[in-house]
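A.B. asks: Residue 65 in the UniProt record's numbering sits at position 65 of the sequence shown, with consecutive numbering throughout.
Read the hints as simulated data drawn from the structure, not as lab findings.
Incorrect hints may have been included.
Simulated crosslink set (DSBU-like; lysine-lysine; CA at most 35 Å straight-line) [what the hints assert, rightly or not]:
1) 103 / 244
2) 229 / 202
3) 176 / 229
4) 217 / 229
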Amino acid sequence: MYDMRFVIVTGLSGAGKSQTLHFMEDFGFFCVDNLPPLLIPKFAELCFQSRGNIDKIAVVTDIRGGQFFNDMAECLSVLKQQGYPYEILFLEASDQVLIKRFKETRRRHPLASEGRVAYAIAEERSRLQYIKEKATYIIDTSDLLPKQLKEQLHHLFVENERYEGMTISLISFGYKYGLPLDADLVFDVRFLPNPFYVPSLKEHTGLEESVREYVLKQPETPIFISKLKDLLSFLIPGYIKEGKNELVIAVGCTGGMHRSVTIAEVIKEYLMAQGYKVMVEHRDINERR
Numbered sequence: 001m002y003d004m005r006f007v008i009v010t011g012l013s014g015a016g017k018s019q020t021l022h023f024m025e026d027f028g029f030f031c032v033d034n035l036p037p038l039l040i041p042k043f044a045e046l047c048f049q050s051r052g053n054i055d056k057i058a059v060v061t062d063i064r065g066g067q068f069f070n071d072m073a074e075c076l077s078v079l080k081q082q083g084y085p086y087e088i089l090f091l092e093a094s095d096q097v098l099i100k101r102f103k104e105t106r107r108r109h110p111l112a113s114e115g116r117v118a119y120a121i122a123e124e125r126s127r128l129q130y131i132k133e134k135a136t137y138i139i140d141t142s143d144l145l146p147k148q149l150k151e152q153l154h155h156l157f158v159e160n161e162r163y164e165g166m167t168i169s170l171i172s173f174g175y176k177y178g179l180p181l182d183a184d185l186v187f188d189v190r191f192l193p194n195p196f197y198v199p200s201l202k203e204h205t206g207l208e209e210s211v212r213e214y215v216l217k218q219p220e221t222p223i224f225i226s227k228l229k230d231l232l233s234f235l236i237p238g239y240i241k242e243g244k245n246e247l248v249i250a251v252g253c254t255g256g257m258h259r260s261v262t263i264a265e266v267i268k269e270y271l272m273a274q275g276y277k278v279m280v281e282h283r284d285i286n287e288r289r
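The task is simple: from the sequences and hints, build the whole structure.
C.D. replies: If you want it as structure tokens, here you go:
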């Protein structure tokens with residue numbers, strides 16, 4: 001009925017909403033910042049009645065709206081009742097990264113009128129949990145450079161005119177650098193022989209054929225991959241049925257450079273062949289380089 005993309009951008013303070021809005025403008029979206037939720041349905045009505053003059057809209061609404069942001073549930077209900085299709089982009093980041101960003105910019109958290117910023121972040125996470133559960137897309141900007149964020153947004157809003165199904169994020173990581181905080185599923189591949197101890201492979205990564213071949217030729221590897229594929233084939237449809245829009249799968253080894261990278265790439269190829277939209281991040285691949 002409506003040939004328009006109407007994107008509600010929200011998420012944690014300091015997670016990159018302003019930067020995202022600038023990128024959306026670059027992509028040709030008509031953008032509005034800090035719009036109170038109760039005004040969104042009326043604004044959507046004006047946009048959808050423009051008869052194609054405006055066909056890409058992005059509005060930011062967040063905790064800066066104070067008590068007005070409490071009306072978010074009512075806003076979404078009205079949009080649904082009026083039949084206006086919308087997408088929700090939720091931006092988040094780890095507590096450590098958010099605190100660092102606020103300290104560097106010397107800006108005050110909207111909820112930190114009194115007390116530490118860490119407490120404000122915890123309170124904001126609690127208040128935003130409802131909208132996060134409704135999100136169409138969730139992007140964790142903790143480890144993303146601006147260029148990488150723009151690439152992810154381009155993938156979602158330019159390369160794909162419409163989104164259906166689930167977005168799967170695959171993250172390879174090193175246990176020595178900590179678990180990804182947003183992982184839904186974590187698989188430990190440290191039981192596989194480590195290429196780090198092979199002199200000719202030590203400085204290479206799982207993106208290179210020599211390391212990939214070494215990892216995949218181990219007797220345990222094909223058995224593990226087969227069982228992992230079976231498990232994901234069972235789990236993912238169940239998550240979709242329950243309304244989950246994003247699934248974060250983390251694969252870890254000791255340093256996040258060899259085994260986890262190889263296995264993540266193999267799983268990416270498998271899931272893409274099944275028709276899923278997959279984004280891959282090798283978080284710690286350059287930590288030792």
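A.B. asks: Find the hints from earlier in the document that the structure breaks and name them by number, from lowest to highest.
C.D. replies: none
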